[in-house]
Amino acid sequence: MLRHPRLVSTAEIALFLLPFAAFWILFRLGPVLYGFYISLFRWDLLGEVTFIGLGNYATLARDPRFWNALRNTLGFAALAIPLIVGIGLLLALFVFGVRHSRAGRWLEAGFFFPYLLTVSVVGLIWRWMMDPDFGVLLIVLRSLGLGAPPFLNEPRWVIPALALTTAWWLAGYRMVLFRAALEDIPDELYEAARLDGASGARIFLSIVLPLLRPAVLFALVLTTISGFIVFGQVLIMTAGGPGRASEVLALYLYRYGFEFLQMGQAAAVGVVLFVIILGLTLLSFRWLGYESHL
Amino acid sequence: MSGRSPWPRVLLAAMTVLALLWVAPLFWMFATGVKPTPEIFATPPRLLPGMPTGDHVHVVLTRWPFARWLLNSVIVATATTALSVIVSIPAAYVFTRLRWWGRDALFLVFLSSMLIPLEVNVIPLYFLMNRLHLLNTYPAVFLPMIGMPIGIFLLRQFFVNIPAELDDAARVDGCGNLRILWHVILPLSRPALAALVIYMFTFAWNEFFWSMIALSSPRMFTLPIGLRALQGAYDIDYGILMAGASLAALPALVLFLFLQQSIIRGITMTAHK
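Keeping their order, the protein sequence lines are chains A and B.
Residue 162 in my numbering sits at position 162 of the first sequence, with consecutive numbering throughout.
Residue 203 in my numbering sits at position 203 of the second sequence, with consecutive numbering throughout.
Source of the hints: derived by calculation from the structure; they are not laboratory data.
Incorrect hints may have been included.
Part of the chain A face toward chain B, derived, beta carbon under 8 angstroms [what the hints assert, rightly or not]:
(1) Ile13
(2) Ala109
(3) Leu195
(4) Ala267
For glycine and all other residues, C-beta sits at the position ideal for the given N, C-alpha and C.
Please construct the entire structure, taking both the sequences and the accompanying hints into account.
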């Protein structure tokens, strides 16, 4: 009889929600709206501010440098996402395969640890390893007889190099999440499949992969979003170079805002990023059902 | 993948090699940080430092407020974590344990904003913090990281699995919501709280883009921003850069060696149903 009559007053609910909601409104929702508002103005070099409606968006649409940044961002995402999710999945399968051994835990820890480093540490390490003259990675590759161009100085290689660095940094995190999803698959399913004479590959394709689908799709969404806002490793390793070959959207935003002081145009880039990411989020709700996020 | 076939052994050996290669960049960072400069640029490169030196570490620690950066990082990460946990708990409670009109709709709104990163808001946040006269202070960095819906979601996943009978029993005993939350729900939710603490702390510890914009004076820098300044000053003096990176990586490494399993478990929970 006491099941449902939860005596709740509106005031009490509001009070419980208030602390969180206040921060959310002030520092999440508010800035999104404020950012849009700022994007409607132009700052000139004397600090004079003029309302120009959607002019900044028109400027972006005409700016080859913006399209270059968008192309670089998409190129980075297209490489980094499969690398991060793919390597994460592979490592998860390995780690899952040896989960009963003590060493397995240490191996998992080793693969996971780079995730705990700040982006500056990661960027500095890999910049040093890929130094055109003294980078140990290049030296090792060359001594193996493989051609190793100075990755960070070559427009064609710089984005792949950044993607690889990012994969090293983040794949361990994906691995841990996938490993947890693998553990959720009941042992009986494997047993049954094995009794039916299914091979390892068959088990993977018909049982493991379908059951991992939600986790993989969710990882794809999250990784895509982090790909769109890539910044720190680019700033540290290449500062957008050579030329503008690795200037990504977040770096474009940063430069227009804090180097060229075009606050309106920078804010417009923020709005564009917001729209892209919100779109991806809502799309993922459709694919996965928003319940899958819970 | 049974325990008796020879497979796991082969797999284990192969993985050990792979794991060693995987952590090799860390080794290279530490090694470079203690090599004298000529050894750093020796060809062919030497694996181990021939004559280890503390010179680079000395430069980082004496010419830069490195300890202060560490302290700043600790302050920012602790404030972010403590405040997020405090505001997320009651919100997660009303979203799971109580029924009210509009609950699911509001939840969906928070949910849609969950994946919106801080990065898209740096320009408006800069204006906002400027107006509040908070630029170049700790609150400028941590305030925007607090209202992150992930906190509610994480706790919510856990709260929903606590039987409603427990609330009812407490209610019969005359407990209000606050006491139910404090005496019934929270004691049962330690794993979720631990997960949230770990998640938020790592998040705040590693935040880069917004911190770089919000902080302008070197004494206020957090570790990632300080390292960036170090790079600006020495560009390709890799001994100093790797010494700084090593020092910055050390706290994470030490903590991880001690808390390895809880950290991995906590991180796992953030995406675990």
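Hints and how they fare:
no. : hint   : result
1   : Ile13  : holds, 5 angstroms
2   : Ala109 : holds, 5 angstroms
3   : Leu195 : violated, 12 angstroms
4   : Ala267 : holds, 4 angstroms
Violation of the numbered hints given earlier is confined to hint 3; every other hint is satisfied by the structure.
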